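Chemist: Input sequences plus hints: build the corresponding full structure.
In this text, residue positions in the sequence shown follow the working numbering: the first is 1288, and each later residue adds one.
Think of the hints as simulated: they come from the structure by calculation, not from any bench.
One should not assume that every hint holds.
[Claimed, not checked] Taking CB as the label site, the calculated pair distances span:
(1) ARG1563 to PRO1436: 39 to 45 Å
(2) ALA1467 to GLY1558: 19 to 25 Å
(3) HIS1474 to VAL1535: 42 to 48 Å
(4) LYS1357 to ARG1563: 19 to 25 Å
(5) VAL1367 to ARG1425: 33 to 39 Å
For clarity, every value in this text was computed on a predicted model and none was experimentally measured.
Just so it is clear, CB atoms sit at the ideal spot from N, CA and C, and this is done for glycine as well.
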Amino acid sequence: MATTEELTDDVHEAPDDDAEEREPTDEEGESKSGGKAKKDLPATAQPKVFERRSGAALRNVLTITKREFKAYFDSIVAYVVVCLTLLIVGVWFFFFGFWQVERASVSRLFDGVGSLPILLSFLVLPLLTMRALAEEKRSGTIELLITMPVKDSEVILGKFFAALGLTAVLLLCTLVYPIAMFAWPWHMGALDWGPVTTSYVGLLLMGSAGIAVGMMFSSFTENQIVAFFVTAAVLALLWFIGSIVEFVHGPIGDAISFVSFQTRFLPFSRGLVDTRAVIYFLSITIICLLAAFRSLESRKWS
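Modeler: The structure is reproduced here in structure tokens:
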């Protein structure tokens, strides 16, 4: 069943290619049959229609993003995720990381059991995405989208950007550790901020891919618990398979290295922006969002 927005689009997009053939006119504005010709629309009319449609789509995405982002903080989810992550990362960094390396470094923030990539994979991203679509399908509110002038793609993008925004807020909060240790109020040494900056860029890219994976699995089921555990298992697998790359050689090792989140994130933690890793994370994001869109759209076919 098509939505109101899609039906409207079909009307706007239907070209009138043979309009001139139906009503040819001479240079005085009279039709060759002797009748008065209809006044032609301005040449800029059609582009303006597309501009309005694009603007409406963007407004819909922004509206859904704001609503979903606010919903995180209206519930306990955002506070639990942020506080629990800061606590685990803080304990790991101060007691098992910073004092062990004995130099001005925050590398342990991005490496080890309590590091940010592990927490994103096991806890943060599955929690943020498990309710995205599964809860909507379970409660039946997803069916309201059929009668609303909002496209399925706009719903997917709005929820995606809301989760990505909360992930960015969480990552910004963790910056308090390197700032406090090396900038203010303590000055523990001269910190090289280059690897720190690229590591956060890599985490945001990895987070976008993980959110897309979580939304895809959330669109496959009505049970948010199932969506949480499947997402956590898949993201953990994509991270930890990078640990066996050094023991596997040949084409299999190359294939594992290609799909491993850990291997792709490694250049960022060393201060390098690997374009292949950027393309990989963005490709995973786009493919999984398309899969979630198709899964959501399939309700119209049943």
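Chemist: Hints the structure violates: just list their numbers, smallest first.
Modeler: Numbers 4 and 5 - these are the hints that the structure violates, sorted from lowest upward.
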